[in-house]
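Given chain L, put chains X and U in place with the hints provided.
So the chains spell out like this:
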Amino acid sequence: MDYFSRQKNTNIRLTLPVVCFVWQIAMIILFGVFIRYDKESNAHWVETKAHDNITSDIENDFYFRYPSFQDVHVMIFVGFGFLMTFLKRYSFGAVGFNFLIASFGLQWALLMQGWFHSLDPQTGKIFIGVESLINADFCVAGCLIAYGAVLGKVSPVQLLVMTLFGVTLFAVEEYIILNLLHARDAGGSMVIHTFGGYYGLAISRVLYRPNLHQSKRMQGSVYHSDTFAMIGTLFLWMFWPSFNSAITDHGDGQHRAVINTYLCLASTVLTTVAISSLSQKTGKLDMVHIQNSTLAGGVALGTAAEFMISPYGALIVGFFCGIISTMGYIFISPFLEKTLKIQDTCGIHNLHAMPGVIGGIVGAITAAAASESVYGKQGLINTFDFTGDFKDRTVLTQGGYQAAGMCVSIVFGVVGGAIVGSILKLPIWGDPADENCFDDEVYWEVREPESIPPILEYNNHMIHKQQDLSESNFSVEHCES
Amino acid sequence: MDYFSRQKNTNIRLTLPVVCFVWQIAMIILFGVFIRYDKESNAHWVETKAHDNITSDIENDFYFRYPSFQDVHVMIFVGFGFLMTFLKRYSFGAVGFNFLIASFGLQWALLMQGWFHSLDPQTGKIFIGVESLINADFCVAGCLIAYGAVLGKVSPVQLLVMTLFGVTLFAVEEYIILNLLHARDAGGSMVIHTFGGYYGLAISRVLYRPNLHQSKRMQGSVYHSDTFAMIGTLFLWMFWPSFNSAITDHGDGQHRAVINTYLCLASTVLTTVAISSLSQKTGKLDMVHIQNSTLAGGVALGTAAEFMISPYGALIVGFFCGIISTMGYIFISPFLEKTLKIQDTCGIHNLHAMPGVIGGIVGAITAAAASESVYGKQGLINTFDFTGDFKDRTVLTQGGYQAAGMCVSIVFGVVGGAIVGSILKLPIWGDPADENCFDDEVYWEVREPESIPPILEYNNHMIHKQQDLSESNFSVEHCES
Amino acid sequence: MDYFSRQKNTNIRLTLPVVCFVWQIAMIILFGVFIRYDKESNAHWVETKAHDNITSDIENDFYFRYPSFQDVHVMIFVGFGFLMTFLKRYSFGAVGFNFLIASFGLQWALLMQGWFHSLDPQTGKIFIGVESLINADFCVAGCLIAYGAVLGKVSPVQLLVMTLFGVTLFAVEEYIILNLLHARDAGGSMVIHTFGGYYGLAISRVLYRPNLHQSKRMQGSVYHSDTFAMIGTLFLWMFWPSFNSAITDHGDGQHRAVINTYLCLASTVLTTVAISSLSQKTGKLDMVHIQNSTLAGGVALGTAAEFMISPYGALIVGFFCGIISTMGYIFISPFLEKTLKIQDTCGIHNLHAMPGVIGGIVGAITAAAASESVYGKQGLINTFDFTGDFKDRTVLTQGGYQAAGMCVSIVFGVVGGAIVGSILKLPIWGDPADENCFDDEVYWEVREPESIPPILEYNNHMIHKQQDLSESNFSVEHCES
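Residue numbers (UniProt numbering), protein chains in the order written: chain L, 1 to 481; chain X, 1 to 481; chain U, 1 to 481.
For reference, chain L alone in the conformation it holds in the complex (with noise of 0.2 Å):
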């Protein structure tokens, strides 16, 4: 094992589990202290229902959400996750780190959003319910999004440390949008997937290695890893009208928001399959397109998901979003490392950046142009919550603050992602050396290689004399197992 540490120390034994001890002890006295059950699920809630004159247990949010959240659930954590296993070793990495950060993401989240958007004055108590977990998961969605562009090339404390700072920066962008602004982002558009694709963008370009083509051999799929990785992609695909309705107003919200997603998500399929069969040479489709830009159109409509866009409006964001984000993958990508020197492992800036942006403005689009004849009086104020300080906004004037909106959290992103990568080039987090990236060795106890590839690479190394120190001991030690 000593080659690992010809550059880099990557011995996480003390800083791992230190991390982990310290902040899941601090999570519990800051619940201790703050969150408490709210209404609907606290045992007193028998009172409440007598007092609040509810005639059925079926009105409590649990029954208009929890279909949803377990949607939810299961795109963070098989989602995001699986969709990270297209690399041919790193497979541990992708679903056990995605697991870990999120678990702890989604702690501090709950403390984060609940300060900001849900701290009770009276009792300095945080009340949280079914809706308060779907909103955690949303929080730490967007740390996960960032994940993407440094997987691979990055310790597990790093990633415990940029999610810190990312649900931190998450809580503050969103209190801004949604609360200041008063903008409307129920998918999140601008505020997960624009946020957190330029905050994990701008953390890659800090932590820019030159050297990142001596683990080449690492790089790039196999067979097997690019359908486990379809296992990933399929879960987002399928769930991601869940994920858009999630928090939406109960009722023609939700329903509607299901059904514009739904159909933006197909349409964006066969434009992808469309771009990626044109940019080879004999028309072969490739999985990275598949897997990635087939999701483009559930991004893009985070914002205007539960907005009346109708259903051949979503139709074409989906179309467009299924194109561009094809041709990010094809042009953009390889541009963003050679020119701007974003290494970024998912694509993430085609899957999450570009596509939010879109969404943020077919967002303020939609809702400049929203009209009393197609929402209907109520319905329109019910759909912006045109109410309380902000019953006399026009649609206008909320389009603008959409724009704006998407404004923040840009900055938010591109900014806090610059800081959080300065703070993480700090030679003390054990990341890997440039020829050990995307290699779950390094942090896994890995039992035996997993297929062919590397041997016959090996052997192709042995005939072309290519080989190298790392390669041979690479094998020999692996096949012993």
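Keep in mind that the hints were calculated from the coordinates and are not lab data.
One thing to keep in mind: the hints can contain errors.
Any copy, or any two copies together, can satisfy a pair, since identical chains are not distinguished.
In the DMTMM-like style, the derived pairs of lysine to aspartate or glutamate whose C-alpha atoms are separated by at most 20 Å in a straight line are [claimed, not checked]:
| id | residue 1 | residue 2 |
| --- | --- | --- |
| 1 | Lys49 | Glu59 |
| 2 | Lys338 | Asp61 |
| 3 | Lys39 | Asp389 |
| 4 | Lys125 | Asp389 |
| 5 | Lys425 | Glu372 |
| 6 | Lys377 | Asp57 |
| 7 | Lys49 | Glu372 |
| 8 | Lys425 | Asp52 |
| 9 | Lys39 | Glu372 |
| 10 | Lys125 | Asp286 |
All values reported here derive from a predicted model rather than from experimental measurement.
Chains X and U only, in chain L's frame:
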């Protein structure tokens, strides 16, 4: 890549993008003209609620059907997709093309089903809600079943054509069976499985490849591909109760359909295992049977799931379906291939066509045997929808119409499949040569050989001096990666 | 195939089909005599509704529990099934036998639980609805847990026998604990996990194989099999909130159980990672811990999930469970095997038995500490069901009965397992020889070698002259395929 073109031109760089773009643009235009939100997903719902005296948001059809819808959605994309990954080198095609045609098909289905079932005569619009999405997924299921028969032998362009016509035929036969004959078929034994099964078998017959043995090295499974296929099997199996109950009556209708399907499927597993074990010399089990025949019970209860078939009745149906379906794989599939020249890659005859027919018969019998003592007066009317034009229909007559519906679905499948098969035989669709069937290489960028088998075979070929050019090309090409 | 019979006859061509057929026919007869739809799934519900003054179809228990039921169903079939695929060559047995015994077990559970819990004295019938299906799945879970201890070492016939007795014992202990002792155990810390864990461990003890090291080459995982196992882990982890809330009280009961379980599991992940990293020289993580110990929190909150344990209380339980369970894999499992001769393939002692006991204790303490100020007067009565015969029970007494329930489940597990283990020791069930354990070859038609490892091993054996007959048979036999 030239060796693919020795017999066939599989270059789809022109046709695939063109078909995708043309059809998606057509969808956008047609949706713009015809498709609107229904009253439960429209922002005007707040007025509808007041008008219809609906007291709670939860009495929106969304909350009755959304959990089932998401389960059905998983069956369509993960269930059907992964079930077909069993082939050693066709996982991308299985999951990827399934994804593509389902995404196209569901859009076209919303239009076709809308025109036939729910076109509003006054406005000329189709109003969609969550039940429409479920029905669109159902319609697509018919085409995905058909895909199972031709898996590995057709191009994605052919699949899109097949889906276009399949959805069209589906909507017509569904209209005849459900509206004109007023047969009941909530889980689609007839409408979905029988039609889809025979549609696929007829197409496969027309596209018969006498030299399919040339791709013998690519047929069959490997260990991992069988494990991937179990993901598909299990999600289909687990969520089948949702499939059969998704569009049944609110309340007891959905409740009962779930119980019946749950029990029926459990029973099927035991008899499938029994027959599978009996069929092998030392009683070993065959994954082909476990992956497929265990699902036959769900198919066969598609019509009767909502009836008062009683729990033990459901077990009996499952009991026989497991036996018949497994025997189908052992005896009937080889017979179909040799005698009738039907090459059925996934054995859809045993999983869908035959159990679908059984389901139609079970439905006809249980409908004819229904009585007021079992259902209650109002229960009988509700279950069989004996209202309006059909308010004087007797259960016996209903049984007859159920049987007639069965025949309609077979005729549509066979005749429709024969015609569509002829269209697909045109030499313009880029289908693979016989020796390249079941190989993802043809339509996908495959980066590396997956596992040892091809290499082993290659070596064997060397030893036995059976190597041909394509073999050696294959190995050389991919070992470099 | 003769080499399998050197010591043991694993031919199950007679026994497996006979057991499947006989038991399935018995189920049909017993269902015919006893099982009927309950009033909410019966076509007479329209009358029931009118009679009970139910105003909306959505007040059918179906809509309260069906989403949770489907999640539980996924846990049983995909969760437990794939969790056990971690072995390099036992994926078929893991997923397939899990599928078989769960399908049988749930039918038998409906009968056994029906006789003990819901036999209608007047009609002599058992009326089933969605809650019965959930309870049947729960009951099956106990047997699947037990399967984890003997994974790879028993025949499917033994598993069916084990399940028959397991479900029977389960129904009795459940009746004693829930009905006679009136303990609360909604998520089954005691009833499911403690019982299932000790039942499996006791059976494994009786079936102790001193020469199990002969199948050492088949023990342990490969890269892909560990990734497959993570599918199981994640679906269990994500849906555990549904598991613990599936049969709790409508409204706040379900809502609170979800929140508690969600938090507890998140906390478990962090401490599992911490201890796993601490246990390795360079801080590397072990997939065994991540796959299993991350779930311990869900087990340990099975009893108390519906209580007002408070969010930070849930975090604390998860905190300690992650530590204890991971330490169990590191220290206790080797001790159990060496000293107590308990060979526990999946480490169910650390994932189910021990956390189950913790859960029972947590439940007893939190019950004893319950107060009217926290729960409200009516809330306390609802949560602990202090009605009827138990209306005067105090929380302290309740705590005592909870502890008593704990003991009952241990006794039933250990004694029942010992007896059933003795039955399974009879030489008629077709179990594998020691050198063929953990090998799908014994009970499955396996078409090809999965990956390089066996060949590598074979080569190594050649080099080191360690080859034995079965090894070389293995290689020759499969390389032809």
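Taking the hints in turn, this is what the structure says about them:
no.	hint	verdict
1	Lys49 / Glu59	both (9 Å within a copy, 16 Å between copies)
2	Lys338 / Asp61	neither (49 Å within a copy, 52 Å between copies)
3	Lys39 / Asp389	neither (26 Å within a copy, 30 Å between copies)
4	Lys125 / Asp389	neither (24 Å within a copy, 38 Å between copies)
5	Lys425 / Glu372	neither (52 Å within a copy, 53 Å between copies)
6	Lys377 / Asp57	between (31 Å within a copy, 18 Å between copies)
7	Lys49 / Glu372	between (35 Å within a copy, 18 Å between copies)
8	Lys425 / Asp52	neither (54 Å within a copy, 62 Å between copies)
9	Lys39 / Glu372	between (35 Å within a copy, 16 Å between copies)
10	Lys125 / Asp286	neither (51 Å within a copy, 38 Å between copies)
In this structure, the hints that do not hold are numbers 2, 3, 4, 5, 8, 10, in rising order.
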